[in-house]
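Protein chains in written order, with the numbering used here: chain Y, 348 to 513; chain X, 78 to 157.
Hint data in this document are derived by calculation from the structure and do not stem from the laboratory.
Do not take every clue at face value.
[What the hints assert, rightly or not] Covered by chain X, per the in silico footprint, the following chain Y stretches (three or more residues, Cβ under 8 Å):
{"#": "1", "stretch": "368–374"}
{"#": "2", "stretch": "449–461"}
[Unchecked claim] Using C-beta positions, here's what the derived DEER-type ranges look like:
{"#": "3", "chain 1": "X", "residue 1": "D89", "chain 2": "Y", "residue 2": "K428", "range": "51 to 59 Å"}
{"#": "4", "chain 1": "X", "residue 1": "R133", "chain 2": "Y", "residue 2": "L413", "range": "51 to 59 Å"}
{"#": "5", "chain 1": "X", "residue 1": "P110", "chain 2": "Y", "residue 2": "E506", "range": "27 to 35 Å"}
{"#": "6", "chain 1": "Y", "residue 1": "E490", "chain 2": "X", "residue 2": "E87", "range": "28 to 36 Å"}
{"#": "7", "chain 1": "Y", "residue 1": "Y434", "chain 2": "X", "residue 2": "D85", "range": "45 to 53 Å"}
Glycine included, C-beta positions come from ideal geometry on N, C-alpha and C.
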Amino acid sequence: MVDTSEEPTAAKKKATIFVISGDFEKLFAAFSIAIGAAASNMDVSMFFTFWGLRALKKNERTGKGLFARMLGFLEAGDINKASPGKYKFLGLGRWMIKKMIKSKNVSDLAELRRTALELGVKMYSCATAMDVMEIPREQLIDEVVDSAGVGWLVEQAQESQFTYSF
Amino acid sequence: MSDDIKIDLELDLRGLRCPLPMVRVSQNITKVPVGGIVRAVTTDAGSLADITSWARTTGNEIIKKERVDKDIVFLIKRSK
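With these hints in hand, go ahead and build the complete structure from the sequences.
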């Protein structure tokens with residue numbers, strides 16, 4: 348793989364990306380920026396909460412209680428089921444944007460996430476949102492480093508050269 | 078032209094879109110020794126600015142960048 352061990356992690360500049368949305372274009376931007384920062388030799392952490400957890404979910408039905416199961420139904424699917432924030436049209440918008448992206452040889456979300464992981468981007472999930480939405484750790488992809496909360500996020504943000512939220 | 082410069086690695090990045098051209102450059106720059114030259118060819122219009130910024134932020138050097146028809150050709154020197 349790539350030699351990323353030239354500089355110790357402590358010497359690297361940091362970036363933190365906060366993702367609360369599960370919309371296609373926001374995930375697209377979040378992963379693209381994470382990849383760009385990592386390729387520019389930054390130490391990048393991404394924190395996913397609420398609808399953003401879609402980006403880390405396995406393709407499994409989630410939720411145990413009635414409401415969480417309803418949510419699991421409405422929010423079914425993994426990163427490949429992310430719909431654009433506009434023009435959803437019951438999935439037609441997603442189909443169309445995926446077609447357009449493919450025809451222009453642009454990476455899809457799953458590829459972007461894979462590239463980010465290859466470049467050492469660290470992904471964290473919000474423990475509270477996981478609890479509320481009843482999405483246990485086993486239903487997130489194995490690559491998730493850990494679940495965390497606001498205290499951790501504030502520390503990351505303080506140490507970061509930039510933070511973005513989507 | 079670039080005939081007098083020794084190219085250590087050729088990267089054909091034509092067809093790749095943002096952010097992949099700069100990612101591929103960053104993944105491959107360590108394959109040449111410090112001081113070595115990577116020649117990268119892209120078609121993504123954004124890569125002109127992207128790879129230039131990437132070089133600045135990572136401390137590498139763009140020896141040359143030029144448009145040749147629809148291609149953008151970079152000569153990048155690994156500086157560290």
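Consistency of the hints with the structure:
Counting residues of the stretch 368–374 of chain Y whose CB lies closer than 8 Å to any CB of chain X gives 0, which falls below the minimum of 3, so the coverage claim is violated. Remark: the stretch 449–461 of chain Y is confirmed as covered by chain X, as 4 of its residues place a Cβ nearer than 8 Å to a Cβ of that chain, reaching the required three. Here the CB-CB span from D89(X) to K428(Y) is close to 34 Å, at odds with the stated 51 to 59 Å. Between R133(X) and L413(Y) the CB atoms are about 54 Å apart, so this pair conforms to the stated range of 51 to 59 Å.
Roughly 33 Å separates the CB atoms of P110(X) and E506(Y), a value that falls within the hinted 27 to 35 Å. With their beta carbons about 32 Å apart, E490(Y) and E87(X) fall inside the hinted range of 28 to 36 Å. With their beta carbons about 47 Å apart, Y434(Y) and D85(X) fall inside the hinted range of 45 to 53 Å.
Consistency with the previously given hints fails for numbers 1, 3, ordered from lowest to highest.
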